[in-house]
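Let's have the full structure, built from the sequences with the hints guiding it.
When we follow my numbering, the leftmost residue of the sequence shown carries the number 40, and every step to the right adds one.
Since the hints were made in silico from the structure, they are not lab data.
We treat Cβ as the ideally placed atom computed from N, Cα and C, and that holds for glycine.
Among the hints, erroneous ones may be present.
[Said to hold, decoys possible] Just the calculated beta-carbon pair ranges, DEER-fashion:
(1) Glu-97 to Arg-57: 34 to 44 Å
(2) Ser-61 to Leu-135: 35 to 45 Å
(3) Asn-108 to Leu-72: 37 to 47 Å
(4) Asp-136 to Ile-68: 31 to 41 Å
(5) Tyr-96 to Gly-117: 11 to 21 Å
(6) Arg-57 to Pro-137: 41 to 51 Å
(7) Asn-125 to Glu-97: 37 to 47 Å
[Stated by the list, open to error] Quick list of in silico lysine to any residue cross-link-like pairs, SDA-like style, CA-CA up to 20 Å:
(8) Lys-124 to Ser-70
(9) Lys-124 to Phe-75
(10) Lys-124 to Asp-86
(11) Lys-124 to Glu-94
(12) Lys-124 to Ile-69
(13) Lys-124 to Leu-134
(14) Lys-124 to Glu-110
(15) Lys-124 to Asp-79
(16) Lys-124 to Asn-108
(17) Lys-124 to Tyr-84
(18) Lys-124 to Asn-105
(19) Lys-124 to Ala-93
(20) Lys-124 to Asp-136
(21) Lys-124 to Ser-85
(22) Lys-124 to Glu-95
(23) Lys-124 to Arg-57
(24) Lys-124 to Tyr-113
(25) Lys-124 to Ala-81
(26) Lys-124 to Val-102
(27) Lys-124 to Glu-111
(28) Lys-124 to Val-98
(29) Lys-124 to Val-100
(30) Lys-124 to Asp-58
(31) Lys-124 to Glu-109
(32) Lys-124 to Arg-87
(33) Lys-124 to Leu-135
(34) Lys-124 to Glu-91
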Amino acid sequence: MMARTGVEYPIPLTERLRDRLSAEDTHNIISVLTTFDAYDLAERYSDRTIIELAEEYEVDVEVIENICNEEEVYLALGTQTRLAKNIEDEIVDRLLDPHRQSSIPVSSVPLA
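Written as structure tokens, this is what we have:
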């Protein structure tokens with residue numbers, strides 16, 4: 040959502056939203072965020088960041104970032120992004136079999 044308002048990524052965790060968005064955009068994001076169910080989000084998104092995923096599979100972070108770029112997966116928080124579980128599964132499959140064809144929908148955009 041923030042990318043559609045022109046916010047560059049990765050979004051630095053040290054910056055405040057109000058420094059990057061208009062008041063209307065901030066209001067819209069808060070409205071969307073307050074409608075999410077915490078349990079549903081926990082079930083939908085990985086507990087691991089891109090860095091942790093790279094450590095677990097003993098690859099450079101850049102390898103995972105490159106796969107994400109090839110698949111047009113938006114990494115809102117850069118290496119601190121937590122992918123949707125279905126996307127993480129696809130990334131892991133690509134790590135284990137680099138010749139595998141992707142089945143990640145182009146519209147996949149992790150939120151966290």
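Hints and how they fare:
About 40 Å separates the C-beta atoms of Glu-97 and Arg-57, a value consistent with the hinted range of 34 to 44 Å. Evaluation of the 35 to 45 Å hint for Ser-61 and Leu-135 yields a pass: the beta carbon distance comes to about 43 Å. For the pair Asn-108 and Leu-72, the beta carbons lie near 26 Å from each other, so the given range of 37 to 47 Å is not met. Between Asp-136 and Ile-68 the beta carbon distance is about 37 Å. The supplied range of 31 to 41 Å therefore holds.
Take Tyr-96 and Gly-117: their Cβ atoms lie about 18 Å apart, and the range 11 to 21 Å holds. Separation of Arg-57 from Pro-137 is about 42 Å and conforms to the stated range, judged on CB atoms against 41 to 51 Å. Look at Asn-125 against Glu-97: about 23 Å separates their beta carbons, and that is not inside 37 to 47 Å. With a C-alpha separation of about 24 Å, the suggested pair Lys-124 and Ser-70 falls outside the 20 Å cut-off, and the hint is violated.
Using a Cα cut-off of 20 Å, the hinted pair Lys-124 and Phe-75 holds, with the two alpha carbons roughly 17 Å apart. Distance hint between Lys-124 and Asp-86 is fulfilled; the C-alpha atoms sit about 9 Å from each other, no more than 20 Å. With a CA separation close to 17 Å, the supplied pair Lys-124 and Glu-94 stays within the 20 Å bound. Note on Lys-124 and Ile-69: the hinted pairing is violated, with a Cα-Cα distance of about 24 Å set against a maximum of 20 Å.
Between Lys-124 and Leu-134, the direct Cα distance comes to roughly 15 Å. Compliance with the 20 Å bound is thereby established for this hinted pair. At roughly 15 Å between alpha-carbon atoms, Lys-124 and Glu-110 fall within 20 Å of each other, so this suggested pair holds. Using a Cα cut-off of 20 Å, the hinted pair Lys-124 and Asp-79 holds, with the two alpha carbons roughly 12 Å apart. Using a Cα cut-off of 20 Å, the hinted pair Lys-124 and Asn-108 holds, with the two alpha carbons roughly 17 Å apart.
Between Lys-124 and Tyr-84, the direct Cα distance comes to roughly 5 Å. Compliance with the 20 Å bound is thereby established for this hinted pair. In summary, the hint linking Lys-124 to Asn-105 is supported, as the alpha carbons are separated by about 18 Å, within the 20 Å threshold. About 15 Å separates the Cα atoms of Lys-124 and Ala-93, which keeps this hinted pair within 20 Å; it holds. Taken as a hint, the Lys-124 and Asp-136 pair is honoured in the structure, with Cα atoms around 18 Å apart against an allowance of 20 Å.
Restraint check: the Cα-Cα separation between Lys-124 and Ser-85 comes to about 5 Å, which is no more than 20 Å; the hinted pair holds. Our distance criterion of 20 Å between C-alpha atoms is met by Lys-124 and Glu-95, whose separation comes to about 15 Å. Taken as a hint, the Lys-124 and Arg-57 pair is broken in the structure, with Cα atoms around 30 Å apart against an allowance of 20 Å. This hinted pair checks out: Lys-124 and Tyr-113 have alpha carbons roughly 14 Å apart, not beyond 20 Å.
Between Lys-124 and Ala-81 the CA atoms are separated by roughly 10 Å; this keeps the pair inside 20 Å, and the hint holds. For the suggested pair Lys-124 and Val-102, the alpha carbons sit about 18 Å apart, so the restraint of at most 20 Å is met. A distance of roughly 16 Å separates the Cα atoms of Lys-124 and Glu-111; the hinted pair therefore holds under the 20 Å criterion. At most 20 Å may separate the alpha-carbon atoms for a hinted pair to count; Lys-124 and Val-98 meet this at roughly 19 Å.
Of the pairs offered as hints, the one joining Lys-124 and Val-100 holds, with about 18 Å between alpha carbons and a cut-off of 20 Å not exceeded. Restraint check for Lys-124 and Asp-58: the C-alpha separation of about 31 Å exceeds 20 Å, so the hint is violated. The hinted pair formed by Lys-124 and Glu-109 meets the criterion: a straight-line CA distance of about 18 Å does not exceed 20 Å. With a CA separation close to 10 Å, the supplied pair Lys-124 and Arg-87 stays within the 20 Å bound.
Between Lys-124 and Leu-135 the alpha-carbon distance is near 16 Å, which keeps this suggested pair within the 20 Å criterion. Of the supplied pair hints, the one linking Lys-124 and Glu-91 holds, its CA atoms being roughly 14 Å apart against a limit of 20 Å.
Hints 3, 7, 8, 12, 23, 30, counting from the list given before, are not met by this structure.
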